[in-house]
Amino acid sequence: MTQHTPSDGHQPGPSSRSTESAFESIATLVTAGLPLESGLRALSEEVPSRRLRRAMRQMSDELASGRTPDEVFSHQRKGLPHYLAGLVRAGVQTGRLGEFLEQFLVSVRRRRQATGSFWRMMAYPLFLIPVVLLVGTGVMGVIVPQFKEIFDNFGVELPAMTMLLLSLSSRPFVIGMGVAIPLFVILVLAVLVLGPYVPGHAIRLRL
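3 is the number of the first residue of the sequence shown in my numbering; add one for each residue after it.
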């Protein structure tokens, strides 16, 4: 019978590193031939995430009651990826569960490293873009209007591109850019800071 874990309210989900560490420990237990139920019970005392700790205790109890690993891991549990059932089923059928979990961890780590490399590569452009826009907006709002006033006073006929540039120095455009730039910075910071806590972000690979 499937047991349901209560909601953790505002408790954040497990981080990718805590979930990865739990999988690594489970793989070590299986490879060493140790009882999975007692190993899960011991691991549940070590993981920092309350949600992951509760899931491990529940799985340990179900294994101790005589259920197979395939049956236990097939239930959707908070803190564990949905495709874990297929991974465990294949490992049990082939007798290579520990090896399968270790390969799974290798894939997770490679993906995490690739994601980290991507954001490190994007950090400079993401920082530079708002700075350039901010400087450009300052020029358009302060310096360009002064030139526009000079051209108007002398009655100089200006080319179309210069007229377009002068039109961009209008107050509505400058105000709009002044609002858009902080919003862009806030959005980038939200993606960088809050991304790991989005539900399902802990480990999201497709096998």
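Everything labelled a hint here was simulated from the structure, so no lab data went into it. Please note that a few of the clues may not be correct.
Have a look at the derived ranges for each label pair, beta carbon to beta carbon [stated by the list, open to error]:
(1) R173 <-> P132: 14 to 24 Å
(2) R59 <-> R111: 20 to 30 Å
(3) V108 <-> E47: 44 to 54 Å
(4) R111 <-> M165: 54 to 64 Å
The C-beta atom is built at its ideal place from N, Cα and C for all residues, glycine as well.
How the hints compare with the structure:
{"no.": "1", "hint": "R173 <-> P132: 14 to 24 Å", "result": "21 Å, holds"}
{"no.": "2", "hint": "R59 <-> R111: 20 to 30 Å", "result": "26 Å, holds"}
{"no.": "3", "hint": "V108 <-> E47: 44 to 54 Å", "result": "26 Å, violated"}
{"no.": "4", "hint": "R111 <-> M165: 54 to 64 Å", "result": "56 Å, holds"}
Consistency with the previously given hints fails for number 3 only.
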